[in-house]
Each structure stands twice: as C-alpha cells, then as structure tokens.
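Given chain A, put chain B in place with the hints provided.
2 protein chains.
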Amino acid sequence: MIMRQFIAMFTPRPIGYVHSPYSETSQVPRGLDAKHDAEGELEILSEFEAGLTDIEGLSHLIVLWVFDRSEGFELMGKPPCDDRPHGVFATRSPRRPNPIALTVVELLSREGNKLRVRGVDMLDGTPILDIKPYLSNVPEEKLRRGWLAEAESRKAQ
Amino acid sequence: MIMRQFIAMFTPRPIGYVHSPYSETSQVPRGLDAKHDAEGELEILSEFEAGLTDIEGLSHLIVLWVFDRSEGFELMGKPPCDDRPHGVFATRSPRRPNPIALTVVELLSREGNKLRVRGVDMLDGTPILDIKPYLSNVPEEKLRRGWLAEAESRKAQ
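For the record, the sequence lines run as chains A and B.
Here this note's numbering = 1-based position in the first sequence + 541.
Here this note's numbering = 1-based position in the second sequence + 541.
The reader is advised that the hints may include incorrect statements.
One copy or any two copies: either way a pair holds, since identical chains are not told apart in the list.
In silico DSSO-like cross-links for lysine-lysine, where the CA-CA straight-line distance does not exceed 30 Å [what the hints assert, rightly or not]:
1) K683 / K576
2) K619 / K696
3) K683 / K696
4) K655 / K619
5) K683 / K655
6) K655 / K576
7) K576 / K619
8) K696 / K576
Calculated directly from the structure, the hints in this document are not laboratory data.
Here chain A stands alone, though its shape is the one from the complex:
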C-alpha cells in the first residue's frame, strides 16, 4: 500500500445549483420501474459560465452533485429496489463516505448560464460540483448489473 497520508485533497465548492420540481426526497421516483423524465435547470454561477462553451453540441451530460440533505454514511444498506442489503459502493445510496452523487441528464437547451435538462432526480436547490461530457457507453453485451438484475428477475416472477 502506498501511503500518501499528506495527500492534496480539495475543498468542494458549488459551481451552481439545480432547479428541480422536487422539494422532498419522497417525491423523487425510486425503485426498479422509476422513470426519470423530469425537466429541470442547471443554473451555473456566472463566474463559471465560460466553462460551458461548446456544451450545446453534447446530447448528454454527467452531473456530479452533493447529497446535501443526507447525513453520515452506512457501509451496508437496502436500496429501494431490493429487499436485501448491499454494500454502499454497489449501490447509489446517498449515505456514502463522500456524499457525491452522479446523474446523467439529457441537455435540451442552453441560455447563457442556464442549462435546461431532462432526467433530473435531484432536489430543488441541490449544489452542483461538476459537469462532464457523456462521451461513450460500455458495450451492452459486456454489461452485467449483478444484484440489480437479480432483484429485477425476482420481481418479475
């Protein structure tokens, strides 16, 4: 094990905020059949607006954001789509050692520092950490979804 105890970490800061139709966790669709078609807006702070240059050409974006209304973490937990517990790194649980979330959204349009997007599952006012281009898929024939596929097939029975 390489010990890099004095590693350079960083201080997270919001680059903007999400405008979402959801104000409470209970309103966000969860579970196996959940569809995330909700539209919302990513409002980027004006000091970072230049960083959006050429983003209009991308159809999909990876949004990293903070689970800011979640506290602490648990290493094992039951996701809403299964009745069995799994390790936190095999799930999308908000209760993670670093409470960073990831959502892939479809970019509908841009107006200055505002991105209109489809597929939000964040709460209104959620701080955004980063936006990255979604550029490639894992080949479908190579993708295995482990416990989630098992939960789906149990549910289908």
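Positioned in the frame of chain A, the structure of chain B alone reads:
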C-alpha cells in the same frame, strides 16, 4: 436563483488508493485513438471494505477520484484530442473548479479490499473518493458527442 449560501458541503476523504502502471501523466494514453486497457488495482481502506459487499456481480464500475497532481482550474482549454479550445465542463480536463475525475473501469476480480480492474487512466497512488455501480447506457441513437465528433471527423480527413 435560490440562494443557499450556507449550504452543507463536505470534507472529501480518500476511501482508498489506485495502484496503476502509470507514475507520470505523460505515460497515460491521451487523445482520440487512446485505448485504456491498462490493468490496475483499487485498494480500499479496510475500514470501508464492507461497502464492497456484492460488488463482484457488477461488470463495470464508476470510479470517482481526485486529480491530486493538478493545480487550479481554467474555464477554457485545449484538450489533447483537438486543436481548438472548449469550455472545461465540455471536456475531461483535470483543471476543474472541483478537481474530481471519473473513470469507468471493468471489474476483473475482487480479493478482500482489493479490486482488480481494467481501464485505469489514473496515476499510481491516486486517492479514490467513491465507487458506484455502472448500471445503464444512454441509447446509442440518442448520443451526440459535439466537439469531439467534429475533432474526429477533421482528423479523419
């Protein structure tokens, strides 16, 4: 704009470190034809090992990590695969307001707190922030890659 000035952020901490064949940025394949077939290991701190439960069933993982050898950020920059500058949020540049990186890796095997993976593009000793299951793709027919597709077609001419 919702002003949530006193928002709860968090203090990032490593959940583990990457063992990679690369010790210098110049060794990591970059650019349009770059292949990321390198194997490496994600060594998770033993205090977080329980969080890996059931991860073996997943073929691909999303790894969030820190660009710990990068300093500061620039809102516009030229990626290695293009001769034109783009906004940082439309590229994978390491010089971002929050220096968080994302790599999708293929999980080859697990031994306790160590994950053997293919597709590392991190430097040896890189701190890991989070691991998430890769569960779904964007439909290929809906994916547009903007400036990257343009750079590829200019190169092909």
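(request) Please flag the earlier hints that this structure goes against, numbers listed from lowest up. (result) Structure breaks no hint.
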